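Novice: The task is simple: from the sequences and hints, build the whole structure.
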Amino acid sequence: MPAAKLAKDGEAVQDVPAAAKAGALQTSSASRPRAQGETTSRVLPRPVGWQEEGILLPHEGIRFLMGELSEAVRVMDAKAAWKWENLATWYQDYFYDVVHHHHNSEELIYFPWLQTKGTIPAKISADHPELMRAMDELRDMLASGALKPAGERAELLAKLRERVAAFVEDMHQHLAEEEEVIPKLLNEGGFTQEEEGACVGQIIESLGLDGNKKSLPVMLHGFKLWAGEERAEAFVAEHLPPPIRLLYQNFWSADFQQRHLGLVASLPEGVDVNPFASRGLGETTSRVLPRPVGWQEEGILLPHEGIRFLMGELSEAVRVMDAKAAWKWENLATWYQDYFYDVVHHHHNSEELIYFPWLQTKGTIPAKISADHPELMRAMDELRDMLASGALKPAGERAELLAKLRERVAAFVEDMHQHLAEEEEVIPKLLREGGFTQEEEGACVGQIIESLGLDGNKKSLPVMLHGFKLWAGEERAEAFVAEHLPPPIRLLYQNFWSADFQQRHLGLVASLPEEVDVNPFASRGLLCG
Numbered sequence: 001m002p003a004a005k006l007a008k009d010g011e012a013v014q015d016v017p018a019a020a021k022a023g024a025l026q027t028s029s030a031s032r033p034r035a036q037g038e039t040t041s042r043v044l045p046r047p048v049g050w051q052e053e054g055i056l057l058p059h060e061g062i063r064f065l066m067g068e069l070s071e072a073v074r075v076m077d078a079k080a081a082w083k084w085e086n087l088a089t090w091y092q093d094y095f096y097d098v099v100h101h102h103h104n105s106e107e108l109i110y111f112p113w114l115q116t117k118g119t120i121p122a123k124i125s126a127d128h129p130e131l132m133r134a135m136d137e138l139r140d141m142l143a144s145g146a147l148k149p150a151g152e153r154a155e156l157l158a159k160l161r162e163r164v165a166a167f168v169e170d171m172h173q174h175l176a177e178e179e180e181v182i183p184k185l186l187n188e189g190g191f192t193q194e195e196e197g198a199c200v201g202q203i204i205e206s207l208g209l210d211g212n213k214k215s216l217p218v219m220l221h222g223f224k225l226w227a228g229e230e231r232a233e234a235f236v237a238e239h240l241p242p243p244i245r246l247l248y249q250n251f252w253s254a255d256f257q258q259r260h261l262g263l264v265a266s267l268p269e270g271v272d273v274n275p276f277a278s279r280g281l282g283e284t285t286s287r288v289l290p291r292p293v294g295w296q297e298e299g300i301l302l303p304h305e306g307i308r309f310l311m312g313e314l315s316e317a318v319r320v321m322d323a324k325a326a327w328k329w330e331n332l333a334t335w336y337q338d339y340f341y342d343v344v345h346h347h348h349n350s351e352e353l354i355y356f357p358w359l360q361t362k363g364t365i366p367a368k369i370s371a372d373h374p375e376l377m378r379a380m381d382e383l384r385d386m387l388a389s390g391a392l393k394p395a396g397e398r399a400e401l402l403a404k405l406r407e408r409v410a411a412f413v414e415d416m417h418q419h420l421a422e423e424e425e426v427i428p429k430l431l432r433e434g435g436f437t438q439e440e441e442g443a444c445v446g447q448i449i450e451s452l453g454l455d456g457n458k459k460s461l462p463v464m465l466h467g468f469k470l471w472a473g474e475e476r477a478e479a480f481v482a483e484h485l486p487p488p489i490r491l492l493y494q495n496f497w498s499a500d501f502q503q504r505h506l507g508l509v510a511s512l513p514e515e516v517d518v519n520p521f522a523s524r525g526l527l528c529g
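Counting with UniProt numbering, you get residues 1 to 529 for the letters of the sequence shown.
If you are wondering where the hints come from, they were derived from the structure by calculation, not from laboratory data.
None of the values given here were measured: they were computed from a predicted structure.
Note that beta-carbon positions come from the ideal geometry of N, C-alpha and C, so glycine has one too.
Mixed in with the good hints there might be a few duds.
Each pair of labels, with its calculated beta carbon distance range [claimed, not checked]:
#, residue 1, residue 2, range
1, 488, 242, 46 to 52 Å
2, 384, 201, 49 to 55 Å
3, 242, 270, 32 to 38 Å
4, 82, 439, 39 to 45 Å
5, 192, 241, 18 to 24 Å
6, 235, 122, 29 to 35 Å
7, 439, 374, 30 to 36 Å
8, 109, 235, 16 to 22 Å
9, 337, 201, 40 to 46 Å
10, 370, 337, 20 to 26 Å
11, 475, 242, 23 to 29 Å
12, 233, 415, 39 to 45 Å
13, 337, 109, 34 to 40 Å
14, 116, 37, 30 to 36 Å
Below are the SDA-like pairs computed for lysine to any residue, each with C-alpha atoms no more than 20 Å apart in a straight line [stated by the list, open to error]:
#, residue 1, residue 2
15, 458, 495
16, 123, 46
17, 458, 349
18, 324, 401
19, 458, 445
20, 224, 519
Specialist: The structure is reproduced here in structure tokens:
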């Protein structure tokens, strides 16, 4: 039975202070930078040989999940029902199901294979039902949060924190016991790495598509954190069957970055809007064209919805950013230059040099629209200079700079909203009144894509397609990629640029809030695009 047994509601929870302390220590130690090759294991901090490393592939992923769960209940705003719903969804899909799959795989495949040449201590298997009962209790508490009156949620969260701390400590002890035993059994039984690889292959096959979708990304993330990017990529290339590898690289990794991490990121008190609340398919963020009809209205929204998504990112970034750390100013300045400034600059240039001249063959663009571009670029230059100065200022002066930056960003974003709205009032009318065809506009857009070059497309296309997907849906976004992107651009987008958006673009923004203590881009050179 796990050491810190969970009590039923209304009973005392034994050893909660010790469990809470251990959980807090684990959370903080997981957030500290570790040396290359150093794991979060209490037993195998620096594994040697495949016998020690094998068990750490699932276990480091599970410990990462335990750190996420501990941090989630620590920082969560208890008042909002939707935050309880988001945490309950995350827990069911990415914690409960993953740990349940892992225990089942051990009981049905891995332990029987080990026992052909050795003996698993009875306690290890006996712990699994106890741990699952504790996980059921946590699941029920989370599900009840959104249903309780708002005034009772803080008390529920306090109880939940106790239960999570006790459960996490029990899990740490259970994983440590397995890590004491299993490498010894592999050595003493004379198992080969190839035999263990075949057993792991059976486990991957047994998980099915949904199990692999939820489990593989977090296991590989945990592996990457201690073994490094290169070894994680080698595992994907050498050990995942081709169909699973394709799904992981093109879909499941993105699900981990967007939905798994996004659900957790939505929980702290500073997040006021649920990023997973659907606007409803077909509804845009445009002030003029909230529900576009016809290609004439939809065309302008492909770039504009992407730009409004960037504006939302910039506004949120300066709202939540920790002003003290120089590296956060560097990360925001890098993101702004590469993914905001360059993208908006490319868009304005494309309008002035290609799209507007084409439109003016049959109509007239109001002078104010073109006149706005230099003014907006001057404002963007000012923001760029302010961001670049942040890391160079004394730490004591950065809060004042951030306050000024927030004012400038708010004013600029409002000016941009008005500018985009004016274009959306005018351009669909010009397209209709001028008798332009969809094929003619498609050819013009093709010129714009060609004019951007590889670097411009790398930075612009993913965010434009992300904005398009948010209102038009996954199917139409995929159709656009298949039908309108030239084959070389399509190949680069699908295999490289989409990953850059998920990892570097979104990752730089995610590194800015106060609770992020370690720069995830510090050691791998990812600031160099």
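Novice: All hints are to be evaluated individually against the structure, with a verdict given for each.
Specialist: Structure-based check of all given hints:
no.	hint	in the structure
1	488 - 242: 46 to 52 Å	violated, 23 Å
2	384 - 201: 49 to 55 Å	holds, 50 Å
3	242 - 270: 32 to 38 Å	violated, 43 Å
4	82 - 439: 39 to 45 Å	holds, 44 Å
5	192 - 241: 18 to 24 Å	holds, 20 Å
6	235 - 122: 29 to 35 Å	holds, 32 Å
7	439 - 374: 30 to 36 Å	holds, 33 Å
8	109 - 235: 16 to 22 Å	holds, 19 Å
9	337 - 201: 40 to 46 Å	holds, 44 Å
10	370 - 337: 20 to 26 Å	holds, 24 Å
11	475 - 242: 23 to 29 Å	holds, 25 Å
12	233 - 415: 39 to 45 Å	holds, 43 Å
13	337 - 109: 34 to 40 Å	violated, 49 Å
14	116 - 37: 30 to 36 Å	holds, 31 Å
15	458 - 495	holds, 11 Å
16	123 - 46	violated, 25 Å
17	458 - 349	holds, 16 Å
18	324 - 401	holds, 11 Å
19	458 - 445	holds, 16 Å
20	224 - 519	holds, 15 Å
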